[in-house]
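Protein chains in written order, with the numbering used here: chain A, 1 to 285; chain B, 1001 to 1321; chain C, 2001 to 2242.
Think of the hints as simulated: they come from the structure by calculation, not from any bench. Nothing here was measured: the structure is a model prediction, and the numbers come from that model. We treat Cβ as the ideally placed atom computed from N, Cα and C, and that holds for glycine. Treat the hints loosely; a few may be bogus.
Covered stretches of chain C (chain B as the covering partner; in silico rule of three or more C-beta atoms under 8 angstroms from a C-beta of chain B) [to be verified]: (1) 2103–2117; (2) 2146–2158; (3) 2201–2210; (4) 2215–2226.
Quick list of simulated restraints, FRET-style, between CB atoms [to be verified]: (5) Phe1027(B) to Ala2126(C): 52 to 60 angstroms; (6) Met2001(C) to Leu1311(B): 27 to 35 angstroms; (7) Arg183(A) to Gly2063(C): 30 to 38 angstroms; (8) Thr175(A) to Glu2027(C): 25 to 33 angstroms; (9) Met2001(C) to Val276(A): 35 to 43 angstroms; (10) Leu1311(B) to Thr175(A): 27 to 35 angstroms; (11) Pro65(A) to Pro1086(B): 35 to 43 angstroms.
Chain residues, written in single-letter form:
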Amino acid sequence: MIFLQLCADGLLLGAVYALFSSGLTLIWGMMNVVNFAHGDFVMVAMYVAFFAFTLLHVGPLIFVPLAAITLFMLGVVVYFALVRHVMRGPMLGQIISTFGLALFLRYAALWAFSANFVSLPDTLVGGVYDVAGLRLSASRLLAGATALVLTLGMHLVLTRTDLGSRMLAVSEDRTAAALVGIRPDPMQALAWGIGAASTGVAGALIALFFYVSPEVGNSFTLLAFVTVCLGGFGSVPGALLAGLAIGVIQSLSAYFLGPSTKDVVVYALFIVLLWVRPQGLLGRA
Amino acid sequence: MKSLPRVLLVAVAGVLVAAPFLSDNPFYQRIAALTALAAISASAWNLIGGYGGQVSFGHSVYFGLGAYSSLLAFTKLGVPPIAGAPLGVLASFVLSVIVGLPSFRLRGHYFSMATIAIAALAEVLVTNWAFAGGAIGLMGPANARSLADLLFRSALPYYALFLVVLGSLLALTYLMQRGRMGFYLRALGSGERAAESLGVPIRRYKLYALLISGAFTSLAGSLYVVMIGFIDPNSGFGILVSVNMVVMSALGGAGTLFGPLVGAVILVPLEEMTNALLGGGGSGAAYVVYGAAIMLLARFSPGGLAQWWSLLAGKGRRGAA
Amino acid sequence: MLLEAQSIVKSFGGFRAVDGTNLTLHEHELIGLIGPNGAGKSTFFNCLAGDALPDAGSIHFRGREITRMPPHDRARLGLARTFQVPIVFDGMTVRENVMVGAFLRRPHRHAAAAKADEVLAFTGLAEQANQQVTTLGTPGRKRLEIARALATEPVVLLLDEALAGLTAEEIETAIELVRRIHASGITLIVVEHIMEVIHRLTQRVIVLHQGRALAEGAPAEVTRDPRVIEAYLGRRAGRHRP
């Protein structure tokens, strides 16, 4: 019974991981630029949610979309101000650019908000539901369900809409896409916007039940990397499956091996994965 | 006429290097020692990250290895901390082989990510390892039992020691850069497929660079604890240790001989002085500036100051012609 | 027989780019590899060079099997290649670029520099030796590709569309360079689109089409072959002899 409970909790959290990891895989698949600041985007979203609640007294119905929009704009700005230029330059510049962004966001938050944790009250989305003998908290249910729906939505948009196929074309072959009249710049900016928006939603949802602190960025970034690697670089369905799997793995190892090991298991898995099967479960090699 | 700027540069450098010996300001001497130490790590990183083009964000693993080897040797075996340095270097060789061989198959971004994960893993593992002092860390000798403990009251002897190590590393880098290894590293850093078609054994040379880079970084870690006398998971394996190496090299010019040193000369005094002015809380602000600086560098001048310098020098030459 | 490829098959996803192609190369030949776009030339070329590993078939070079050998070992054995889109080592001068190739046989700096200068003179790049490689235009970069490969002192040189994108005058110089390379004792395979070059340089031509060798022979014969014309221009063109 405990096992099922752990799995259920893991799946719910894993769905949220899947959501922001889908954003990372979208960006990475589109333009071979790794967003080392992805986890810090999630952190920013968490603070947006927190401040929206404490200063504007609005609930998740408002602050989740608010965070999504804010992060969308941040993503687009980052693309035009930074990424677009470094992509044309040497590899060192490409790699350190988003790393610099991560540092900037993290330490700006540390400086502005100090290292103290803050959190949203438990009662915000209150209640615990009893579903077939499993105790599921309403906030986690909301987060998991929303994340799942949005991740599937992202996948559908990419594969079933015109816009989506244009984005996929640019990710396959930027030059060829340009030759058939698809301008890469707006598509890539959009990818950054959507990718960042996914962290916006995910972060705002996570804030419902996790503490908020400037330091969480690093572990979320690594989590996103593991998920993307496991699921396959460029694959949203892969990120979904992998996210769910990682959520369950974390949940189980936290219980059976101790809470401090939950990160260790994920990092170790990541390292093994990179060496054994870098293209992941569903990825292109 | 062209040689005048060079002569001037050498003279200025000479003055800067000698100055701490001639001054009697302990604060200034301490900064000089810390600068030299940072320059060692940054120059070591430069071998694999600058020349080899494999950007490691996890070099703190090596630094921590060296630091912990030294203090473990002291606390468990009673030997002077510096005697633990060879152990650290040996451990770094092993780590380089285990880490390097598989990850050099991976494309650039994957390698960088792997280094972040490895460093994060190391930090968590050490924090939970009671033998190594857990979250509290380890301390060095409180009183000098012999000269070998290298416990000095002034920062000057440390400065001298670090200069010797830095000088050796730079000399080694210079020789490497002029020879086949240097050419092969630079080639694989800027055109791996072409380099391979010309006979460059890619993985082998990346590994050579990593072995040397890791060894000197580990040595820097040992030297750090010799001077500071303390290590904990954060100061040994923390991400900021890695970040410092990357920023200093990138600022001065990754892949150039003196780039990391220039970066260290600019950033270490800056950081120490902001800390002194703003108290401990200042370090948060420093990293905001670092982050912004990295982004600006990446966006406008990935080659760092060295890129500016050669542009200036190029203009000068054209002017003279 | 210097280089032999037998029944090479290479697929990408579901698509068979190379479908059972053979090639034999004898010492001192200068042969051409042609075919319409999508014929599998690049893929086959990459299999020979070591950039791609064939799914089936074998390649032998100087008596040794090299089918799965990585490119750097092939270079060591004496098989060199150039890239269609030149890859330059930026941050280095023209001479330093060529030295990267020279270091293969000459581990010491002075010897490598001497060899590089020799090759630079041979390929007409001596004047630009000290320039940053990024100052070279496309024709210079193509010549640099060749110079670097020559510095490895190869026995066989594979040229991948080394003359594409050049002006008529530059093509003349390039043809003359290829002739000199051949005269110095190196065996060559030249992949080209420009028929004039093929006619003037090569003794034997292999035509690839849909992953297979369609025809093989002297350039004049092969270009009159109706099957070849059909492959390039389509069915109806093949029916009418020019």
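Taking the hints in turn, this is what the structure says about them:
1. Coverage of the region 2103–2117 of chain C by chain B holds [criterion: at least 3 residues with CB-CB distance below 8 angstroms; count 6].
2. Under a criterion of three residues with beta carbons nearer than 8 angstroms to beta carbons of chain B, the stated coverage of the region 2146–2158 of chain C is upheld, 4 such residues being counted.
3. By the rule of at least three residues with a Cβ nearer than 8 angstroms to a Cβ of chain B, the coverage given for the region 2201–2210 of chain C is violated, with 0 such residues.
4. Under a criterion of three residues with beta carbons nearer than 8 angstroms to beta carbons of chain B, the stated coverage of the region 2215–2226 of chain C fails, only 0 such residues being counted.
5. Between Phe1027(B) and Ala2126(C) the beta carbon distance is about 56 angstroms. The supplied range of 52 to 60 angstroms therefore holds.
6. Distance hint for Met2001(C) and Leu1311(B): a CB-CB separation of about 53 angstroms, inconsistent with the stated range 27 to 35 angstroms.
7. The hint said 30 to 38 angstroms for the Cβ distance between Arg183(A) and Gly2063(C), and at roughly 54 angstroms that hint is violated.
8. A beta carbon spacing of about 40 angstroms between Thr175(A) and Glu2027(C) contradicts the range 25 to 33 angstroms that was offered as a hint.
9. For Met2001(C) and Val276(A), the Cβ-Cβ distance of about 41 angstroms falls inside the hinted range of 35 to 43 angstroms, so the restraint holds.
10. At roughly 30 angstroms, the beta-carbon separation of Leu1311(B) and Thr175(A) lies within the given 27 to 35 angstroms, and the hint holds.
11. A C-beta distance of roughly 59 angstroms is found between Pro65(A) and Pro1086(B), which places it outside the suggested range of 35 to 43 angstroms.
The earlier numbered hints that this structure contradicts are 3, 4, 6, 7, 8, 11.
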